[in-house]
Each structure stands twice: as structure tokens, then as C-alpha cells.
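Following the hints, put chain W in place on chain B, whose structure we already have.
Number of protein chains: 2
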Amino acid sequence: MVALVPFGGRIVMLGYGSVGQSVVPVLERHFDLPLSNITIIEADDHADKFAPFAAKGMNYVRLSLTPENLTASLGSYLKAGDLCINLTAGVDALSIIDWCHHNGVLYVDTSLEPWADQYGEEGIPAAKRTHYESHERMRAMAAPWGGKGPTAVITHGANPGIVNHFVKAATLDIAQAMNLDFSTPKSREDWADLFMRTGTKVIHVSERDTQRSSIPKEPDEFVNTWSVLGYWGEATYPAEMGWGMHENMLPPMGQHFTHGPGNAIYMHKPGGLTLVRSWVPKGGPIFGFVISHSESITLSHYFTAYDQDNRPVHRPTVHYAYHPSADAIVSLREVMMKDWQPPAKVRIMQDDIVDGIDELGVLLLGHGKTAWWYGSQLSIHEARKIIPGQNATALQVCAGVISACVWAVKNPDRGFCEPEYLPHAEILEIAKPYLGPVASVQSDWTPLRDRAGLNFEPWVDHQDPWQFNNFLVR
Amino acid sequence: MVALVPFGGRIVMLGYGSVGQSVVPVLERHFDLPLSNITIIEADDHADKFAPFAAKGMNYVRLSLTPENLTASLGSYLKAGDLCINLTAGVDALSIIDWCHHNGVLYVDTSLEPWADQYGEEGIPAAKRTHYESHERMRAMAAPWGGKGPTAVITHGANPGIVNHFVKAATLDIAQAMNLDFSTPKSREDWADLFMRTGTKVIHVSERDTQRSSIPKEPDEFVNTWSVLGYWGEATYPAEMGWGMHENMLPPMGQHFTHGPGNAIYMHKPGGLTLVRSWVPKGGPIFGFVISHSESITLSHYFTAYDQDNRPVHRPTVHYAYHPSADAIVSLREVMMKDWQPPAKVRIMQDDIVDGIDELGVLLLGHGKTAWWYGSQLSIHEARKIIPGQNATALQVCAGVISACVWAVKNPDRGFCEPEYLPHAEILEIAKPYLGPVASVQSDWTPLRDRAGLNFEPWVDHQDPWQFNNFLVR
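Residue numbers (full-length UniProt numbering), protein chains in the order written: chain B, 1 to 474; chain W, 1 to 474.
For reference, chain B alone in the conformation it holds in the complex (with noise of 0.2 Å):
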């Protein structure tokens, strides 16, 4: 087991789903502090499956943080040296954020929420319902902070986090095989640079989750491996990724952003109707759900290069392509079908789940070695053997967070940080323990191979495997 790190502040940890279920029995396996000084707050009861926590020494907190009620509870929880790690659903991160920023607490979150009315809410416009737009937000927030300040650790689960340090160890081992001469990059233009002499074009957070539980699914049950509203918000937003220089033709529905750097674009239509073709070493081929997410954002921001006049010249498309579980495939389309209407019942598989593997990694398109995909394989078996009663999903976001944690606690002072500017290997040094094994696998596979000609597809592009309109299933 790693050394222990001390810490004389306090832990506050907002929400206690299945990822925050996941991070309390562990926390003690990375600091050293009473537990008493560790504290939960969370909207929902989960007292029972806390007991044992409590029974330790730690606190257990009901209360719904709300606009109005926020700063007061952060108030009354928190102060100067502690940590605040933020793992709710629907609350507004930002607010969190700032505050902890004013207030000397370190701060780690794995997605910057919105106030959960916003999600699914027409009425706000499709490129202010964006990761672009919240991080576009987050940075202008940050900016007079000038990089000073208690370390902000944001966006830091499985991914976002995890998969953001796997690019650049994807980045190194496909450079190796390619025979580049380099050696590992410093600063992120050196990451960029070398990035760019791969030659990749697209990055996927390519994902295949396959558990499944011993309880039948009922009609209209919302079922997942993790949080529901998370992952029903997140496919109310627009499909948005990563917007390659390769890129010849927006896709249908396409936008541009009118504002900020211009990394990336949204499709006119909701992430959980928008699918595109992957892959995963041991899935195969799959159809993914083009969902909002961070990665898709800081990814490509941090990984274009640009000429010595400042003018970007290599930037690659980034997105998620999310299989989910069979139950929570076919619960969002029942949600779809409704309208979008939030589910009445829901249910996270944990203790149910027969069997399974959570296949997470990036998968980088268009090298010199054409595929590779990088990424954790954990089974549902191997992952409750390391933190018992929880699923392979809960504990690949834990390894970012815990990760997020250490680092920060050991770096208190670093101001705003996406998760590009944490030392990629540390990070995974840490995660490695909750991430079972990973891969690092070279692949042939392009979005044109082995693709039955039932489908009149005059966009496709036969000399660029690499172009969006390549991928999406139409």
C-alpha cells in the first residue's frame, strides 16, 4: 500500500451516490487524519449503508444544497486548509468553486454540474446548455486568479480524469512504436507537439460497459451503474466534441461557437440521440452515444499545436462514445420516448450485478499506427474485490478522484487546474489500484472497416477515414 499523506484539514465530501460510496471506504488508505474530520453531506439517505462509516468516527450530513442555502453550508463545513471534494448531481459547481477559492479550501470535482433545472431545459439555448460554454465560464471565473490560489482540482473522475491522463500515456506508447525520437514532453506544448508528430486525428473516450444485473429491468425503471440524473442530464445536452483541424464538414445539425478559442462544435440535437461507430479491445465494434462531456473540451484545447504566429495548425476531434449498460441503453431511450420526462423510479446496480466488465479508455485515431486504444478493463468481480459492494464503474471514477485528492493535498497551492496540467504518470500511479488491468493496445480498426453496404451514404469520405460524418450512424 502507498504511504499515507497527512492532513490536518478536514475532508467534506458533497454527495454520497455510487461514486461517493465508493471514495469513503478508501480515503483512509491515502491520508492520514482522524476520521472525525471527515464529513459527508448528501441530499439523499443512504444513512444505513454509511453506518459502518459512522461507527468509524466519521459524519454523516442530510441536507439539499440549494442556490439559496449553498455558501451558508459551505460556511458551516468548511474552512481555510480543509478539502471540499464535490461528487453531487444538479449542483451548481461553479458557485462550489468559487467559494472554496475565496475561502482556502481545496476543491475536486469529476464534472462541472449545472443547478439540475438546468438540464433538459429548453428555454436555455443549445450552446449555453455546453461543456464549452461551462468551462469557457470556469476560465473566465479563474482567470484573475492568475494560477494562485488553493489547488481546484476540476473535472477529475474516471472521465473526464483518468482518460485525459490516458491520451498522453496513449500518446507516448504510440510515439515509441512509430520509432519517434522524443522524449517525454514538459511543458503542454511539447505534449502538443509530439501529439501532433503522431499524426493523430481523433481521439474517442471509447467506452463499453457491459454489467448486468440479476433483477429484470422494469418498463420505465431507470437503471445504471451510476448516478442516474448524471447521466440523464448529460444526454439532455447537446452531442458536442472536440473539433479536429482535419475536419472537412460539419455534421448535420452542426454548430460552431461564436465565442472563446473554438475548439469545439455541438450538434443541434441531444448527446442520447446521437451515436457514432467505435471501438474497444474486448467489446469490438461499437455504437457510442456522442454525450457532453469535459474531456472533449480540455482535450482537444490541450492538445493543439500552434505555429510560431500563435495560429493553431494541428488540433484533433475529441468525444465520448459511451456504450452503456444493456439496462441504461435502453432506459434513456424509454426516457427519450417520454419526452425526457426525469424517471419515477430508478435504481443503481451494485450488490444485482451478475457479471461484467466497465471497458473505459481513449482510443487515437489516424497515427501512424492507425488505432490505439489505452484504457482500464475492470470487471465487476475484480472491482469488488478491491472496495467490496461497489461496481467496476463507481470505482474507475473513484481512481480520479482519490488520484485528484492525493495530488492536491500535496500541492495545495496551484490555483485552477484542468486535468491536462496534473503529471499524467503520478496520477495514474495513484488510480492504478482501482483501475484493474489496463491496456495499451494497437488496432487496424478504422469506421470504415467491415461496414455492410446497406446504407445509402453519399457523405461518406472513402480517402479520410478520420472525418466526423465517418463515424456517425446516420
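Bear in mind the hints are in silico, worked out from the structure with no lab data behind them.
Please note that a few of the clues may not be correct.
Identical copies carry no separate label here, and so any pair may be met within one copy or between two of them.
Stated by the list, open to error - In silico DSS-like pairs for lysine-lysine, Cα to Cα no more than 30 Å straight-line:
| no. | residue 1 | residue 2 |
| --- | --- | --- |
| 1 | Lys-282 | Lys-338 |
| 2 | Lys-369 | Lys-338 |
| 3 | Lys-79 | Lys-49 |
| 4 | Lys-410 | Lys-56 |
The following block gives chain W in isolation, referenced to the frame of chain B:
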């Protein structure tokens, strides 16, 4: 129980899948013949399931029908005056129909199946992989028969079959609810006229199957409530629909046919990739696959009204809107993402079903009462009471098969018959014991109702809710 129909011929049933297994037990409920005059021929091996019927004297033959052995095989088991019930998938129906006609054998099937290798065969032009094409070929073959010869009832399972009769029943109920002055039509022309007078613009065969199994589906295992090959094969076919005269705009990839009566169109993409909004009374709003089906062709043809110069003046859009069981939805998705490769591992849900209903009916839209659904709401529990060991889906198909068989035996010289030319009330009376509750329900549902503005959909016609593009999920 209904009076037994004496039958002096033999009954030879081709195929003993889920539908065949539901038909065999009911033959003796309807026909008075020595059970030794019944022979089942199948390519697969369900000898164990057949054992109770073998014990009663029925005959069982394992034989795979191929282009090479088909004629000889039929000749070995069938002679003039016999009844051939064709429940195979992937055996060319037209070849069997032709043979039966020329050999004095009565004939009933549930689908104009092609040879299996024509499914998913990209070398065959899309327009040829349609039910429009199958029916045009069938009609051309039967034209010289002049409406004479041994009765051959085609496409008479649940849908197509029973649902075709539901349309007439629904039309009568709508006409009555609208207080139209009418009597029950006696001819095709009168039916088309009454139908036009109701103002019906669209017919969905709308189905939601909520049957679910206690056995968790494995990844890439194909699980269905009926024939896997049948479902897979139909889903590879282009989406196809009878095309109403009110339609203003072809859908994306929409194509007219260049021969025949022109009452249908197809989309140059598989039905398995084509979703529409529809509605069923218990299941609510659904997304359904526009899977190519015979009833789209024959219903839109039958219900076309003509003026005195024989020019069409009213025709509905007609298509399937199929929400299969949850496992079947995921199974089809998996097959599509694996490039339509036929699944290696298959399972038909039967005794493992824990709950659910197959809600299958017709949704007539755009008339004076907005929307009207007429159909069967058969639960697995009721199905098992009616025929032990069978599921709801099989029973609904069985209802169509047995009613057509009874009618054919009673009316043995009607030549080639599409379902619409059978007497709907008489057929539904025979079918009723197998359909569970049959509902006739008015609704105010339209495809524009409760439609979240999350998509940018400039093609939506807010003036005319009944345009196909309003239903299409894009």
C-alpha cells in the same frame, strides 16, 4: 369452444420455432382430423419440445429446406387437398406458394420470406430488398391464376395478419364515434371510401413488448420474444412505408419505387436504424423501429380511394412502429454495431419470462377523433393460461395463423388472398381467444404533443401534425 372444422386432408407445418410451437397445440382445438395426419418439418431440433405431440400421434421430420430440395420435399409430404402452413424464416415463400397452387394444396404463411442469404445482402439493390418488391412479385405470379385455385392466404400472422383486420374494426369504431352515416362496407371500394370519410391519414402498427426474462442477457447474445432470424432479417431491410397522399416531403434518404402502383416508399437505410414516435395505450409514447413489413404495402394499397377516372384521391401512410422487448432492442443494437453479422448466440424468451405484455395494435391518426388505437394487450400470464409454455408474442401470431387456416379450410377455392380480402369480423372471432384483452381506445396523442425543444428540427410541420417527418426521430 368453437365447433371443430372437419378436414380430410393432411396438415404439414414447415418450421417449428416459437410460433410453430404455439400453433401445434391448438390445431386440435379447431380441426377434426386424425392427429397422425399432422406433420411438422423443421430445420432446427426441437424434438424434445415436440415429444408430447409425437406421443399423440403427430409426425416430426427434421429437414432443412433449400433451393435444391424444396420441390422434392414438398412433393414428399403434401398432395392435393392438404394444408401447408409455412412458418419458416429464410425459406423462399413464393416458391412454396407457387408449388402449392399448382399441386392443389391450401397454403397459409405469416411473411413473404426470401431465402435467408438475401437478408443483409448488400449486393441486392435496396429497392429489391423490400416488401413492396415481394408483393409485386407475388401479385405478378398470382395474376395468371385469375383469383382461382386452392386458397393461399399470405402474410397472416399477428402483423401482418391480425392487425390488418384491426384496421377495419378501428375504422368502424371511429366512423361510429364521428357519427358518420354508414353501414359496414362489403367491398374494398366501400372500405376505402369509409376510411377516407374518417379522414385517417396515418396508420401505425404500434407495438410495445415489455416481456422480460429472469436470465440476464449476455453481451452479444441475441435475445428475442420470437424468431431471431426473422427479426434480424426484417431489420436489415430498408425502412419502408405505405406513403400517404397528404405527405409533403420525402424523409432523408427517401426513395420512390419506379414500378408498380407506387403506393409505398422506402428509406435507403435499414429499418433497424430508423425510429419514429408512436403511441400505445398502456405503454404510452414510444420510439418504434420502422421495420419493413407487408402490412405497410397491402393496407395502404387496399385503403386507397380512387375517383371516377381511377385516379387515387386518398391513401394513408402505413408502417410499423415496433418497440421490441428491452433485450431485443439491445440485441439488435449489438448486431448493428457488429456490422449486421448474424448473431452467434441466440435465445428466445419463454419460460424465463417473469412479466410483461405484448401490446400490439393499429394506431389510426388524423381523423375526426385525432388518434385511435385498436389492438391486443396480451400479458405473459394470460398467454400461459391460454397455451401453456408459450409467450404473448407467439400467441398473437398463432391467432393469425390459426384463423387463416380455419378460413382457408372452410373456403378452399379462393386462390391467392392478401389478408385484407378475408372477412375481418369472422377472422377476429376465431382469433379472439388468443389475443387477451382487445382494446379500442381514442386518444389525443400527436407526434407534436409534449415535444421538448431540445432538438433543432426545422423540418417539423406545425400546421399538419401528421406529416411523416414529424414522427421521424432524427
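How the hints compare with the structure:
When the C-alpha separation of Lys-282 and Lys-338 is checked against a cutoff of 30 Å, the pair qualifies only between copies, where the shortest distance is 13 Å, while the shortest distance within a copy is 33 Å. For the identical chains of this complex, Lys-369 and Lys-338 are inter-copy neighbours only, at 23 Å across copies versus 44 Å inside a copy, given an alpha-carbon limit of 30 Å. When the C-alpha separation of Lys-79 and Lys-49 is checked against a cutoff of 30 Å, the pair qualifies only within one copy, where the shortest distance is 27 Å, while the shortest distance between copies is 71 Å. Only within a single protomer do Lys-410 and Lys-56 lie at most 30 Å apart by alpha-carbon distance; the minimum there is 25 Å, versus 80 Å between protomers.
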